[in-house]
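J.: Chain by chain, the residues:
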Amino acid sequence: MAPIKLHVNGKINTIDVGLDTPLLWALRDALGLTGTKYGCGMGVCGACTVHLDGQAVRSCQTRVSAAGDKKITTIEGLSDNAAHPLQIAWIAEQVPQCGYCQSGQIMQAAALLARTPHPTDDEINDAMAGNLCRCGMYQRIRLGIRRAAKGANHAA
Amino acid sequence: MPLSRRAFVVAASTSGAGILIGVRVSGLLRLARENEQSAHKPVPSPFVAWVHVKPTGEISLIVAKSEMGQGIRTGLAIPLAEEAEVSLNQVSVEQAETRPDIYTHMGTGGSHSTRQNYMPYRRVGATVRELMITAAAVKWNVPREQCFAREGAVLHRSSTKKASYGELVEAASKLPLPNPARVPLKKESEFRLIGHEIPRVDIPAKINGRAQFGLDVRVQDMLFAVIARCPTFGGKPAKFDAGKAKAMAGVRGVFEIPALGAGKFTAGGIAVVADSTWQAMQARRALEINWDHGSAISESSETLSEMLKSAASKSGKRLRNDGDVDAALSATTKHIEAVYELPFQAHATMEPMNITIHRREGGCEVWVPTQSPDWVQRVVADTMGLDAKKVVVHTTFMGGGFGRRYMPDYPAEAAQIAKEIDRPVQLLWTREDDMTHDFYRPASCHRLQGTVDEHGRAIVWSHTLASTSINGLWHPEQNKPEDSEIGGAKQMPYAIPNVRLEFNDVPTAVPRAWWRSVEHSFNGFVVESFIDELAAEAHRDPVEFRRSLLVGGKSGNPADEDDPNPQRLLKVLNVAAEKSGWGKPLPKGWGRGIAVYFSFGSYFGEVAEVSVSQEKALQIHRIVAAVDCGTVVNPEGVRAQTESAIIYGLSAALKNAITFKRGAVEQSNFTDYDPIRINEAPPIEVHLAPSGDDCGGMGEPALPPLAPAIANAIYAATGQRLRKLPFQLSV
Ligand code: FES
Ligand code: FES
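Chain order of the listed sequences is A and B. Quick note on numbering: my numbering labels position 30 of the first sequence as 30, and the sequence is numbered without any gaps. Quick note on numbering: my numbering labels position 637 of the second sequence as 637, and the sequence is numbered without any gaps.
Worth flagging that the hints you see were computed from the coordinates, not collected in a lab. One or more of the hints may lead you astray.
As the list claims (entries may be wrong) - Simulated restraints, written as ranges between beta carbons of each label pair:
1. A:Asn13 / B:Met119: 49 to 55 angstroms
2. A:Thr120 / B:Leu688: 29 to 35 angstroms
3. A:Arg146 / B:Leu688: 21 to 27 angstroms
4. A:Glu123 / B:Phe148: 50 to 56 angstroms
5. A:Arg146 / B:Lys655: 25 to 31 angstroms
6. A:Asp122 / B:Pro204: 29 to 35 angstroms
7. B:Arg285 / A:Asn13: 24 to 30 angstroms
8. B:Asp221 / A:Ile12: 24 to 30 angstroms
9. B:Glu420 / A:Arg146: 48 to 54 angstroms
10. B:Ala181 / A:Glu123: 54 to 60 angstroms
11. A:Thr120 / B:Lys389: 56 to 62 angstroms
12. A:Asp20 / B:Lys661: 30 to 36 angstroms
From the three backbone atoms N, C-alpha and C, an ideal C-beta is built for every residue, glycine too.
Pulled out of the complex, with its shape left as it was, chain B reads as follows (with noise of 0.2 angstroms):
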């Protein structure tokens, strides 16, 4: 049932509707059972997501998050289900429709969706559980105490008395709601789903073809799409002929449309319409276009490492400065200095980029696989002249995200072609479309300068970042360009006196956006890496060295929200190295090396454990990781993501990098983008150190650490340093 205004009406009646409770997180939590006016409050809505226990003691829990394979839909409805007291088939979870004015924070993405919403569902499971047990009281006119909920029923303790939440719930839905703020939560001995392992609710429609993603969508009489885009970033058509294109079978429709400038950033050029992909992709293929490559044919990843290494070698925006760097430095004649570089990185989601889109008489219906189903709903409008009041949006599942599936730009062009074609279309970006087109991983440079003095402890720590920002592409009013780009590397958790961080933002026709842990995948490989550097140079062990430099906690400026509490780090870096068997001998040629790190409010400690052959053939042995992300949901979602965010993070260590020419990508397909395949992926352990705390995030922190871990243990292995990504060891 999608969430409309019938379930208002529905829910304000107080006879056989149940009740509907609303979720809010921003703020003081407060719960409301809302009725038909209040809903129609003036955007946005305070309400992240509802709860409706039908009348047949059903719940059904309406979430505004995307589900992306991070199984989300399980991890939400396991604190309601737990603190509710029912079975969790007893709660069905249905995707929210787009409405900004019945929920707020639909986006999915910075690792946010348990971390906001654990406590608020428990809260929320916990008023429906005591609304029952008091309307159980009262119908049996026995004390409160005596009462207990399971399994989705109230029982008296003294009597066989038991009556279930759906014969009590319209009673129930004429009490007044307890105060949630204090309404009373379970304890941790008496969970019996957060913290164990539960199967999630949607694998089962994907193993026989049924899940529909976004590409699976279909409407009748619908068509498809494809977009010829300039390869150069910036370009557009300067002529082009149509002819052999429209003569062909099935072609509906091939005509231009324009690029869109800031906040949607696409790259325009000529779609073609046809009555199934295939014609459609053939007949782009009989476009002859002649085009304006425009100003970025002049950039190539050389012209662009050039200006990264020199805006990283000259002094730049202060943002960490303890003690005196300079003078530290220049008090010493031994100091070392290490130059990191990163490429670009695509997204590449399994599935590609598709959109469809159906107009009609003053409105539009939209499905779309997206992380922002308000964002599309808002640029779809705008690009069709719509009060986003017009758009219908249906999240549909989705073939990956890491990111990609944030931006509004595939919606935009979608609205393009609606404007002109009459019937639903589908657009598909084929994957070459989706490699050549996408908004990359800031490609980043990096100058680590740093002392350690004769007792072996670390004096100086100084890093120069550039990197191609993401704000100055997306927000350059609102944001600075260093927002995205300069976390895990200002937070540096080490305790040396002189320590220094500065940034340059360096100009490309490159788009960039948030890829999966956006600037920790650069700022975890360098902080990591170098800290490594320094322990060799003061000849101490990676571990004992970063140890003696954790338990002092952070030196200089007072923590704030974003600094890792030193003491978790510690932990997580004694598991992993405990669990590793690390100092254990191992043969020639193989080494260990570890690397831990903060982000998404998780930590992480990992050990790779490699070899490297004479002929220097790199193998990855094990990886072992040890994870704190504070309060354990689901045991199981959390070594799925860690396997998942190691593997990302693997084939952007060992293989993948976007590189351009005459301003375009140059690699097309996973035949030159190709991903780490099964051959290639080495065992990985998780071991949960959960410390208690808040929940901590989970579908990016595993990932940053790991480039740095196999850089020491290549390292450790041959004492080649490597610096730059992918990692190519020199014969």
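If we strip away everything but chain A, and leave its shape as in the complex, we get (with noise of 0.2 angstroms):
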């Protein structure tokens, strides 16, 4: 156990947890950042996802030791008032149903539109193929994303 530093979402947060934790679990456990959500501890069903310096990963594959000197954002801290594009597209689309994995499923598709803010169907499949829904709300994923991309085409 050692004091590490963590820069999540705009803050700096000094916690005390052994080197090899997943940022999962200092967030959740250690943060009290409970947005982020625990699904499988593998790196295969996305729940956990969070952006290190923008890009999306898996936060139960990511230990605290590698996070140190990086930016983390997680559903928290997206937006100010769920303003991003992708959460507006959420509610216009009734996306969640029991809503667990959202979380993960919002900080990635986040991740790919910041890279590419017009994906094709193909663009959105592979970038979002690592995150499970098992309520099996794919088709209202896709509908949501394309929604706030087309935001994005009105803003451009």
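Taking the hints as your guide, dock the two standalone chains into a single complex.
T.: Now the structure itself:
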């Protein structure tokens, strides 16, 4: 155990956890940021997706020691007042069902749109295939991403 | 505001408290304005929910149903707000406390919530509206008929007089309650909410990380626990060394908990409690345990599947017998026979099982994502030796249920841990724990025999069903083993003169329970596949063949209430066929398959359009679903539930199986039990074809016809008949 600094959602936090602790558990247990979810612990479900310097990563596969000098964004820090175009689109398309996978879905999709503002269906499938939704809301996730991307079109 | 004793006291007073109305569904509907005294009548309470019209005019609906993504909070607010003439944002929906003395029917399952509650909520809403109108008429001294309600206020037709419910509620609370059975209900043409597109109330909290699921519960000073369970069902630790684990940072306790038997069915094992989830998980890895595997070690999927096959080939308990199957079979040399096999399935909810518990002086508090809070309460109380009244159960949001969260096993484990630990503890099941210690959908094997005559008419239908029954495990004394296995097979809806169903139960050490759509998930596959086989045998089009067997209605015994209405099946058959372009030409290697099915009060027709390449790669191009769920409360909810059940069914049809070896489950995570992902998810079209009958359920009934629609489509595309799930195309 050693104090370690994490730069999360614009704030620097010092926490005391083992260096091998996955970022997921540091966020949830040490920082109380429970919006990031545990689903598999193996990098195969995407529920724990956060951004490290803008890149979507699986926080269950990222040790805190590897996150130390990077900017971490979680679902809680994605936007003020749920104003991210994806969050607005998620409501318009009524995407969530149980909602458990949705933090990860939105974070993954946000990283996709940041890189590729107008993704094709194949690009959506490729980017989102690592995010399981056991409630099966895939059709709505696709619609949500397309809707948010269209918004980007308007702005452009 | 949780409905506390205080709420009753408040309600009993006549000033400044508003109106509190209990909603009752069982037997003859009756409303009551409860007071302190009647609220403490002996359990169980006859009320399923409480509606509180507050002095502000807002209405709070306190529901004892669990929100697991099916949108029930919205689904129940709609009929209430509709009749009460308030807007939806004037209704707040609150999760009820677990108090069987205040609520009955706390369980959420069987696709019941909307079905049970739709009419009672409308009547309560109408009661609120009528009380308000009367109060306004009295206040203004005008005839009642000149007043009407809108948007939480009463208006006078021939003047500008207007009074909000908030202004009227005190006077209204002193009026006698109208007879709820006779209170006037709105006409369908007057609906502004029911049947309209209504956004779900729980969604905004689910896009920004704010929704609190079970695993997100945070209590001051809490610890975190995991349990090492024997991989083999029924096994236990022979000896273990916790030395290394105990020496690890943050570890607060390592101790054995025994397996608990009937009604709880926990595996027991070694509990590890630590300051954080990760520390608990790491310390569990450091345990050295020698397992006593017990007798289940001799069981495997291979041995079980042989037992199921042999049980399906023997005669069994006869549960339906129309005409004379034996005579009809021996009258012809031409009959077809087919054997269908379905494996165990895991629920694999996205959020694994978990619970947070805090034992305190003389009682205990529990936060739990559950479909059955009252059962949790009883089991925790029983395990801890407490009176159930001393166990406070909070139902949280849950990351999926699908039947798994009905089971009270993880609460029993938490209670065992809480007996040893003085601080609040959150028990987590890792994904591996969840996958290997689920209560699985039963494995089953079905032998079907049938004949068609020279005119292409179906003459014989004989079904022998062998499964590892749920009730054989859970309720061997109260229920018969077949009770959770034969639905949909017994009600086989086609007019065939000679029909037989027989059942054989097969014992196994693998725990089983209710999985989304229960036995309909296998019987739907079997019935709707075999009717397609008979159509092929008769050289008739699958839609036209089904139609001919539905127009005549059911043969044999008179219909009982679980029997589908053939006319309604016919309608979803026709709508699904029409909307899918049934009969229109398709490219080579493509095919369409159809299935129609009734379960949980709703009718579904589904068409799958698939193609199979030279290399035997299967692609699902689209699914077209037609649904008659009686009355549509929220079309948005109906579509979402349909999409959800179809994708869930698709995972089981194409990809997932739970197998076991040496008495232990072989799958462990989403690596080897990998559900459908977005790149495999076909477009789904949902067409509503409501009959206007009573509300049907929606959580489950879209699932059963999905697998047979795909199997039938593969047959149409390739001539290959797939009778084993998950499908494997032979090369
Ligand atoms: S929890 Fe990290 S990918 Fe599943
Ligand atoms: S919304 Fe439930 S898992 Fe995706």
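J.: When you take the CB atoms of Glu420 (chain B) and Arg146 (chain A), is the distance between them in 48 to 54 angstroms?
T.: Given range 48 to 54 angstroms: holds, Cβ gap about 52 angstroms.
J.: For the hint 50 to 56 angstroms, verify it against the beta carbon of Glu123 (chain A) and that of Phe148 (chain B).
T.: holds, 54 angstroms
J.: Does the Cβ pair Thr120 (chain A), Lys389 (chain B) satisfy 56 to 62 angstroms?
T.: holds, 59 angstroms
J.: Would you say the C-beta atoms of Asp20 (chain A) and Lys661 (chain B) sit inside 30 to 36 angstroms of each other?
T.: With a Cβ separation near 32 angstroms, Asp20 (chain A) and Lys661 (chain B) satisfy 30 to 36 angstroms, so the hint holds.
J.: Indicate whether the distance between the beta carbons of Asn13 (chain A) and Met119 (chain B) respects the range 49 to 55 angstroms.
T.: holds, 52 angstroms
J.: The hint says 21 to 27 angstroms between Arg146 (chain A) and Leu688 (chain B); measuring C-beta to C-beta, is that right?
T.: holds, 24 angstroms
J.: Does the Cβ distance between Asp122 (chain A) and Pro204 (chain B) fall inside 29 to 35 angstroms?
T.: Once the Cβ atoms are compared, 31 angstroms apart, the range 29 to 35 angstroms for Pro204 (chain B) and Asp122 (chain A) holds.
J.: Given a hinted range of 25 to 31 angstroms, is it respected by the beta-carbon distance of Arg146 (chain A) and Lys655 (chain B)?
T.: Holds, since Arg146 (chain A) and Lys655 (chain B) (Cβ atoms, about 26 angstroms apart) stay within the stated range.
J.: Could you tell me whether the CB distance from Arg285 (chain B) to Asn13 (chain A) stays inside 24 to 30 angstroms?
T.: Holds: the Cβ-Cβ distance is about 27 angstroms, inside 24 to 30 angstroms.
J.: Measuring from beta carbon to beta carbon, are Ala181 (chain B) and Glu123 (chain A) in 54 to 60 angstroms?
T.: At 58 angstroms between Cβs, range holds.
J.: Looking only at beta-carbon atoms, does the pair Asp221 (chain B), Ile12 (chain A) fall within the given range of 24 to 30 angstroms?
T.: This hint holds: roughly 26 angstroms between Cβ atoms.
J.: For Thr120 (chain A) and Leu688 (chain B), compare the CB-CB distance with the range 29 to 35 angstroms and indicate the outcome.
T.: holds, 31 angstroms
The structure agrees with every numbered hint stated previously.
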